[in-house]
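Participant: Using the hints, position chain H against chain S.
Taken in sequence, the protein lines are chains S and H.
Under this note's numbering, the first residue of the first sequence carries the number 1, and numbering increases by one thereafter.
Under this note's numbering, the first residue of the second sequence carries the number 1001, and numbering increases by one thereafter.
Hints are computed from structural coordinates only; laboratory data are not their basis.
A few of these clues could be false.
Lysine-lysine pairs mimicking DSS-like chemistry, simulated, CA-CA at most 25 angstroms apart [said to hold, decoys possible]:
id: 1; chain 1: S; residue 1: 2; chain 2: S; residue 2: 68
id: 2; chain 1: S; residue 1: 58; chain 2: H; residue 2: 1098
id: 3; chain 1: H; residue 1: 1105; chain 2: H; residue 2: 1002
id: 4; chain 1: H; residue 1: 1002; chain 2: S; residue 2: 2
id: 5; chain 1: S; residue 1: 68; chain 2: S; residue 2: 58
Derived coverage of chain S by chain H (criterion: at least 3 residues anywhere in the stretch with Cβ under 8 angstroms from a Cβ of chain H; other residues may be distant) [claimed, not checked]:
id: 6; region: 18 to 24
id: 7; region: 28 to 36
Cβ coordinates follow ideal geometry from the N, Cα and C atoms, glycine included.
One letter stands for each residue in the lines below.
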Amino acid sequence: MKRILFVQSRAPYGTLSGQEGLDALLMGSAFVECALLFLGDGIYQLLSNQDAAALGLKDYSVSFGALKDYGVQNLYCSESDLQHRVLETDDLVIPVTALDDAAIRELMASHDVILSF
Amino acid sequence: MKFAILVYGPPYTYQAAHSALHFARAVTESGHQIYRIFFYHDGVYNANALIAPPQDETDIHAQWTTLAQEHDVELIVCIASSLRRGILDETEADRYEKSAGNIGKPFEISGLGQLIDASINADRVVTFGV
Chain S
1 MKRILFVQSR APYGTLSGQE GLDALLMGSA FVECALLFLG DGIYQLLSNQ
51 DAAALGLKDY SVSFGALKDY GVQNLYCSES DLQHRVLETD DLVIPVTALD
101 DAAIRELMAS HDVILSF
Chain H
1001 MKFAILVYGP PYTYQAAHSA LHFARAVTES GHQIYRIFFY HDGVYNANAL
1051 IAPPQDETDI HAQWTTLAQE HDVELIVCIA SSLRRGILDE TEADRYEKSA
1101 GNIGKPFEIS GLGQLIDASI NADRVVTFGV
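The following block holds chain S by itself, in its conformation from the complex (with noise of 0.2 angstroms):
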């Protein structure tokens, strides 16, 4: 059976590219195994704490939560993009694994399919 990687590489709220990829994360997760990774200012989405209502916006970091209900097991981020930004894993939401540049290629090899959002 195939493996799927959703790249995650937008921050929240200013697209909905975050909450779409979400959406087809928990679709492709009831169908075969997929893993997740967050690139660039993707990682924003998972920061603690957010709270979108003076944008009108739907918080749907919390859906991340669920991931582990639906098996999704795999998740990643890049070690680079957490410095760059001064971010810790600690800051977010879910615990992620930090990936070097060469282990985020692996990553991207070990995989059939990848769906970037």
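Facilitator: Here is chain H on its own, set in the frame of chain S:
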């Protein structure tokens, strides 16, 4: 080879959808197959039958329609993306008590399962936009 084509870009604003159309034509012209074309995000706007560009510009809705008819290609529009953007067929327009639908064949509304199915069953998945 079977290609799945994912279109995330709206028509005209960005080149993505136009590039996707050119790519789809190249796939069929070079003897490969298109497993499915899936419209997601702002890509769902490509399905809007009310698109009325100036006469000296490409009518992208008409071109998608021609491609689908000539090569028997599935044009699937994600229901979650399309409803929130006001892209509805007659059935959905009735369901949500809207005055009219604005998409029809060969475009077809379906779910995200079709995106995953295409990812699993196509030999290659090529994304345009975002």
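Participant: Determine for every hint whether it applies to the structure shown.
Facilitator: To see whether the hints hold, each was checked on the structure:
1. 2/S <-> 68/S: 20 angstroms, holds
2. 58/S <-> 1098/H: Holds, because 24 angstroms separates the two Cα atoms, which is no more than 25 angstroms.
3. 1105/H <-> 1002/H: 23 angstroms, holds
4. 1002/H <-> 2/S: 15 angstroms, holds
5. 68/S <-> 58/S: 21 angstroms, holds
6. 18 to 24: Our answer is that it holds, as 3 residues pass the Cβ test (under 8 angstroms) against chain H, meeting three.
7. 28 to 36: Contact hint for the region 28 to 36 of chain S vs chain H: holds, 4 residues under 8 angstroms.
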